[in-house]
Structure formats: structure tokens, C-alpha cells
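Student: Based on the sequences and whatever the hints tell you, model everything.
Protein chains in written order, with the numbering used here: chain A, 1 to 113; chain B, 1001 to 1276.
Because the hints were derived from the structure by calculation, they are not lab data.
Be aware that one or more of the hints could be misleading.
Straight-line Cα separation of at most 20 angstroms, SDA-like style, residue types lysine to any residue; simulated pairs [claimed, not checked]:
hint, chain 1, residue 1, chain 2, residue 2
1, A, K105, B, T1225
2, A, K37, B, A1140
3, A, K58, B, F1061
4, A, K92, B, E1244
5, A, K105, B, A1139
6, A, K92, B, V1214
7, A, K51, B, S1210
A quick note: this is a predicted structure, and the numbers were derived from the prediction, not measured.
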Amino acid sequence: MPMMKRLTLAALGAIALLQGSPSQAQQATEIRLTYSKGQFQPSQVSAPADKPIAFRIKNLDAKAMEFESSSLRVEKVVAAGSEGVVNVRALKPGRYEFYDDFNEKARGALTVE
Amino acid sequence: MLAALIIVFREVFEAGLIIGIVLAVTGSVPHRNRWIGGGVLVGALAACLVAAFTGALSQLFAGMGQELFNAAILAVAVTMLTWHNVWMAHHGREMAGEMRAVGQAVAEGSKSLLALAVVVGVAVLREGSEVALFLYGVAASDGGSGLSFAIGGFIGLVLGAGVCLLTYFGLMRIPPRALFATTTTLITLLAAGMAAQAVVFLERANWLNSLDTVVWDSGWLISETSLAGRTLHTLIGYTDQPTEMQLLVYAAVVLATFMLMRLTGSHPADRAVAAG
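Tutor: Structure, rendered in C-alpha cells:
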């Protein structure tokens, strides 16, 4: 029987672990960007440290763009005339560059402080 | 033109590596070209379809449709690769022997080929949809420079095919006896890397929040965006900032493959059941 008990405890522990901390997912800082004529608007944005971030990118151009950043570890295709959401984990203070992978002239940076 | 070349090559590169490995794995299996070619074709068609509906796909699951779709197709590829390894551990010996010519072995071989064709299809689909979107965007916006972009894209595609052939002929230089062990290891790590990549997509979609602490940052040594980083990323799932969950899933896939291969490989008596 102690075996059974231990297994139940382990299962409960695993479930608790998988739930994660819900507060973390909810309290994201939202950053709205528009993309038009091959440029991010605004191209310089900032956010507080240690809080998750959600980028909302509205692509107003007639062609798809790919929001990408190696330091933020994200890449996401945003189709022409649509909006994409990119979730980023809580970050340490610093400067994080992002760009359009389909158009290297479109660049911007996120400052976390 | 150069921009198109670079973008297309970068996307095709990963698919090229994977197809090269699959070609080497299936080196002696009859009709393999038909299956792999079919995988490439279906993958390319699916890529165009996905590209056409990217906007709609994105809107699913509260804007996380792309991420979840990627995680799902990666999971399919991981399953197929693992299944192939386990299947080979089970039947590999008889296939390598005199029974290869027997009709049944051919029929059995096609089962494993289907799994690998799916893997190829998934690889082409993942990379191809971005290429299709990019090239479509270029073609739609400026007709004038369209031709030079098309040429750039085509050269990128040819270079990608070159990567595929290089991988294939590189692997074929390995003596047949060692080839099986090599490809088994390669496919196991390929599957583990894809599983870890699926974790990234689930983390991005906020579907997986636990154990998301980055364990190390080896970006200073090999950046994931460099050519070496990209190659290692595809082959063994290298990432310069893995999270705990990624490492856990990676280890789990390697361990599961190893255990399943031991379990099925050591009981040749079960063969009759599986074959029947």
C-alpha cells in the first residue's frame, strides 16, 4: 500500500508541476507593433524585466513577414494583412533585437529594464 | 537575388539534411525512390496549402495555431522515426540476410518506407511553407525584380539539393556493417531533437510553462543561427539555450528508443506474430 500512496503523490506532484504558475502566463506585458512598408512601427520598444511579454504584430503590408529574434528565441510568420501573437518568457534586463526574416532592412529592438 | 538565395537555401537546408539521411537509411530497400519522392511531392503540395492558409491557421487556438500545428507535425515525425528504429531492430537482421529478395520482406519494407516518407514530407512541409510564403510575397509585390528573385530562389533550392546529396554520399562511404549503427544513432538523435523542438513550440504557445528555465547558454561557442549551429540543430537537436523541459524530453526520447529497441530486438520469436 505505501507503494500506491507514493505513486499517487508522485502523480499529484507531476500534475502540479505541469500546471506551472498560472500567474506567470496571465501577467504578460503586451507590446503592439505594426509592420508597414517594410518597417516596424515603433521600432524601439521597452518592457519591464522578469515578466512575460506578448508581442502583437499587425502586418499591414501585402506580403507575409516573419518576426524573428535569436536573442528572444522566437520566429513567427505573419501573413499579409493579419495579426500575429508572439509569446516571450520573462526576460533579464538588456537589449533584444528583432527583425523581419524576409526583409533584413526591417529591424527593431526591445529594451528590458 | 542574393536575399532570395540565402532565405530559400536556409529553409531548404534542414529538409536537405533529413532527406539525405533517409536516402542513406533506405539505401538497399526496393522502390525507395518512389516513396521518398512521393514524400517530397506531398510535402511540397502541403507546404503551398499551409502557406495559402497561414493567416487562418494563425488565428486558431487564440493566435497560437502555427505553434501548435508545428508541434503536432513534429510529434508525428518523432513517432515515425522512433517507430522506424524499433521496426529495424526487429526486422533488420532478416532484411540484411538472404530473405531480402523474398516478396514478404519487400512488403514489410514498404511499411517502414511509409514512415520515412512521412518524415520527409513533414520536413519539406515545415521548411517549404515559409519558402512559398516568401516567394509569393515577392512575386505579388514587385513584378519587375521577380525574375532575379526566382533565379535566386532556384539556386537556393539547387544548393539545398546539394546538401542532400552530400549527406547521402557522405553516409554511403561508411562501410555497410557500420552504416546501420550510424543511421540508427542519427535517427534517434534526429527524433530527440525534433521532440525538443516541439517543446519550444508548446512553450511559445504557453501550453507548457513548467521547467522552462534555461539551463545553459552556449551561444558564445556555437550560435544556433550559424551554419554549424543550424547543422547541429537539425542533426542532433542542438540549441544554444535549452530549457529543462527540452533536455528532459530529449533524454526521454533517446531512452525510450533504446528501451523499445532492446525489447523488440531481443525477441526474434515474436517476429511471426508481427509479420502475420
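Student: Starting from K51(A), check that the Cα of S1210(B) is at most 20 angstroms away, please.
Tutor: With Cα atoms ~15 angstroms apart, K51(A) and S1210(B) stay inside 20 angstroms; holds.
Student: Take the C-alpha atoms of K58(A) and F1061(B), compute the straight-line distance between them, and say whether it is at most 20 angstroms.
Tutor: holds, 18 angstroms
Student: Take the C-alpha atoms of K37(A) and A1140(B), compute the straight-line distance between them, and say whether it is at most 20 angstroms.
Tutor: holds, 14 angstroms
Student: Regarding the pair K92(A) and V1214(B), is the alpha-carbon distance no greater than 20 angstroms?
Tutor: Distance of about 12 angstroms is within 20 angstroms: holds.
Student: Can the restraint linking K105(A) and T1225(B) be considered satisfied, given a maximum Cα separation of 20 angstroms?
Tutor: The hint holds at about 18 angstroms.
Student: Given the hinted pair K92(A) and E1244(B), is their alpha-carbon gap at most 20 angstroms?
Tutor: holds, 18 angstroms
Student: Could you grab the alpha-carbon distance between K105(A) and A1139(B) and see if it respects the 20 angstroms cut-off?
Tutor: holds, 18 angstroms
In terms of the numbered hints stated before, the structure departs from none.
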